[in-house]
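Just so you know, the protein sequences line up as chains A and B, in that order.
Each residue of the first sequence is one higher than the one before, starting from 7 at the first, in our numbering.
Each residue of the second sequence is one higher than the one before, starting from 7 at the first, in our numbering.
Just to be clear, a hint being listed does not mean it is correct.
[Stated by the list, open to error] Under 8 Å between C-beta atoms, here's a sample of chain A residues computed to sit facing chain B: (1) LYS43; (2) GLY247; (3) PRO248.
[To be verified] Quick list of in silico lysine-lysine cross-link-like pairs, DSSO-like style, CA-CA up to 30 Å: (4) A/LYS99 <-> B/LYS67; (5) B/LYS230 <-> A/LYS141; (6) A/LYS17 <-> B/LYS230; (7) A/LYS22 <-> B/LYS230; (8) A/LYS63 <-> B/LYS63; (9) A/LYS43 <-> B/LYS22; (10) B/LYS22 <-> A/LYS141; (11) B/LYS70 <-> A/LYS43; (12) B/LYS97 <-> A/LYS67; (13) A/LYS70 <-> B/LYS70; (14) B/LYS67 <-> A/LYS97; (15) A/LYS63 <-> B/LYS230; (16) A/LYS63 <-> B/LYS97; (17) A/LYS70 <-> B/LYS346; (18) A/LYS70 <-> B/LYS63.
[Stated by the list, open to error] With beta-carbon atoms standing in for the labels, derived distance ranges: (19) B/GLN432 <-> A/GLU71: 58 to 66 Å; (20) B/GLU68 <-> A/LYS125: 50 to 58 Å; (21) B/GLU71 <-> A/GLU71: 24 to 32 Å; (22) A/SER84 <-> B/GLU68: 34 to 42 Å; (23) A/GLU71 <-> B/LYS99: 31 to 39 Å; (24) A/GLU326 <-> B/ASP213: 43 to 51 Å; (25) A/GLU77 <-> B/GLN103: 39 to 47 Å; (26) B/GLU11 <-> A/ASN401: 53 to 61 Å.
Derived by calculation from the structure, the hints in this document are not laboratory data.
Note that CB positions come from ideal geometry on N, CA and C, so glycine has one too.
Number of protein chains: 2
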Amino acid sequence: MATKEQMEKVKNIVVKLRYLECMDNIIYYDRWNNCPKDGFDYEGKVGAYLTELSNEKLTSKETKELVESLEGETAFDSDTDKGMVRYLIGKYKEAVQIPASLQGELNQANADGQLAWGKCYEADDFESFKPVLKKQFDLQEKIATAINPDEKPYQVLVNRFDKDYRLEEIDAILAKIKDAVCEILNAVREEQSKIDDSILECEADHDTVLRIVKKAQEILGLDKDKSTLFEIHHPVCVCTGPRDSRPSTNCDELIHAILAVVHETGHGLYNYNANDEVAESGLWGGIEGAMHESQSRFYENHVGRTREFWENLYPYLQKEVPKYKEISLDTFLAALNKVKPGLIRLKADELTNTLHIIIRYEIEKEYFDGKLTVDTIEEAWNRKYQEYLGFTPKNHQEGILQDVHWASGCVGYFQGYALGDAYAAQFAHKLLADCPDAFEKLGKGDSSVIGNWLKEHIHQYGQTYSTREMLKKQQEKS
Amino acid sequence: MATKEQMEKVKNIVVKLRYLECMDNIIYYDRWNNCPKDGFDYEGKVGAYLTELSNEKLTSKETKELVESLEGETAFDSDTDKGMVRYLIGKYKEAVQIPASLQGELNQANADGQLAWGKCYEADDFESFKPVLKKQFDLQEKIATAINPDEKPYQVLVNRFDKDYRLEEIDAILAKIKDAVCEILNAVREEQSKIDDSILECEADHDTVLRIVKKAQEILGLDKDKSTLFEIHHPVCVCTGPRDSRPSTNCDELIHAILAVVHETGHGLYNYNANDEVAESGLWGGIEGAMHESQSRFYENHVGRTREFWENLYPYLQKEVPKYKEISLDTFLAALNKVKPGLIRLKADELTNTLHIIIRYEIEKEYFDGKLTVDTIEEAWNRKYQEYLGFTPKNHQEGILQDVHWASGCVGYFQGYALGDAYAAQFAHKLLADCPDAFEKLGKGDSSVIGNWLKEHIHQYGQTYSTREMLKKQQEKS
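Just need the whole structure built from these sequences, with the hints factored in.
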């Protein structure tokens, strides 16, 4: 049984590690929003120093002794205590496995990569991006080897986000989804192609788009006192504190701006909804990887594409964008949910989204298996898009340069979107079993039944449980 | 002679202390710009932890031994080395004198104060502000006592910003300035009262104001790659890195927005203009207190109020705000430079500005001498305004609530503006002796003569020298 004294020490370390992580996230946020060009380099150094500080704390004699005294311990006063110990041991292992200099190097590469990606994307310049990508992938491989030299690097990288998943298992899940998607796609392709989705294109000035996405957040019940909306080319949600979460959107195209903000708001709610005990223990913010994406994808697909959600937002949209006054909600919803294979992941429909994920997952896997290099990666990308989705990118922006992930150190992450979709479907099923009126209420403007269910069953626990434990918890309750 | 080995250790510590300070400044910036209401508390804790980390570093055995081995050392390889040692010893002394818990408490109080001030100002509510002020002043007194229990608290507080100044010396300088100001004021009051400054009031929408203040920054030669402009009720400049500086302005009133941005741009240039050696040594950012204000006040008064500056900006202003097409530059400049005693420091003219400073300095002094409490401080404020400037505030906003300083922990700072004015006048004198064509060039749109002179003589040294050394350096060159 872990003693009170041990747990106090654990909590003290975990809370401080989170302070440092929060600082790193504020820098990340700052780089997207405020930092002038010449300030990036120094903020990269500051970030690297934060990593160094975390490492110092984790590899100290005190932490080492604490971890050794707790390893294998299974009896805890509470799940929160157990979660803190799991968190600390996980971080400790990485810290002793990955040399501090390598962590610092990665931190700097992420900062540099974030800046370089923005520039290369703007210029549609993949050639200049190649060395950036090469550097990231090289560093990632070094990190994987440092963590476990006896394992395939990609296996290790994937496990940094989605713990306990074997690649074979993910392969099998993705293959199953792929077959199902292709089957459905073939069945609906013709009928879907008849739907006119040009109505989704519309001229709306920047401020109008902003007002509408804020209205969408309001319908979803996002607390303005706990969130700041920002704009960015590639939407993300930055988690800057237990009660401070920053979803973003890209305001270039209205309808995509709405779906993106709904997705990021899902992350946002998960981020700030931990209960007080979990928040104080440092376990706030939600489980990284697939479980976090399950919340964003839940909101995007199971809420943001529903009639009930739009029954609230559509009248507002019609007021703000007169063209929609002449278009019925039925017509709009058909267009919004049209299945339409395309090149851009962020604009993919619910059905074909996974195909984009599979392409990225396969490419990462082939790369770290030594089958691809930065010189052949784009060809592979384009070939797979032609094969899986029927289109070849005409430029790098609509091809290999579309995602910010690799540039900013998110390697081994993509499968989380597909796994998250699967979890989200399970949660939707469970929610409806528990609260059959959840969507009826949403249609009447009350998103709290959905929000409260997610908060009670998932959000409030933050990172207390592993993904597997969290899923099991839901299944046991059924 | 300090050894290479010693200096490497010093540099390593100083650079890392600056990383932590930079993080603290990014949080400060974040709180003004991005942080949602419920996120303030956690950012306060993170800030307190940064202070704790600085303290740990400073009070470590390694630093202690290093400082002890270097105390009294006068021979250094370079002025930068000497500056780093002075910086480190100064920080070390504060760290061992002020208990870490007290530093953390102050950090939290500053975060809380920043939020509370905004709310109380909005609501014009001084009653709710009293406990915030009391807490800050109590903490400041504790800190002063911790640093030197044998000294008057206010003396210590002033020396935290303006080192080596005795209060008696400041009293004498301020008294001299006050006499001179009153004498000039009496001489010009009648004539000045005839000038119509109502032409400075104009309707300009927010985006127009923003365009004009950015144009002003452009004329001053501010590098956009090294700066981010932001908006705030009470303008400040946040120093977020050796090549990253963030001036702000308040866009409510056009002409004041311009003068404020010129002032903050002065800070901004000083912040990011250290030479590479100084930047890498961690001594970037400029000397705190009066020397920093000398640069902002230099820009505000010796540049921003001149005909030459406006010869560049006025045509742009006339284009953006049609009303000025009918007003000559002469008429405009007379209004801009009109001496007009008033209630608001930030809107004060060049002449009466010091009277606002003196009031604050006297109030701080009386407070820490035990002659005032938070219950009597406003009465004192109002009485002094009536006596020195001839007006009594009609509400708290135009009275005691107008400045953010006290709320955010800036106690003992105000004298720096008046001393800075004096230094700025000396620098202007010196600049003209060295470069008689400086303002002629400015009139032709080239601010680089002024900018380069300041960079060469002041900015490039960052915090290498003390204020006294810096002033002496200028005098020696004359």
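Hint check against the structure, violated hint numbers in rising order: Result: hints 6, 7, 11, 15, 17, 20, 24 break, sorted rising.
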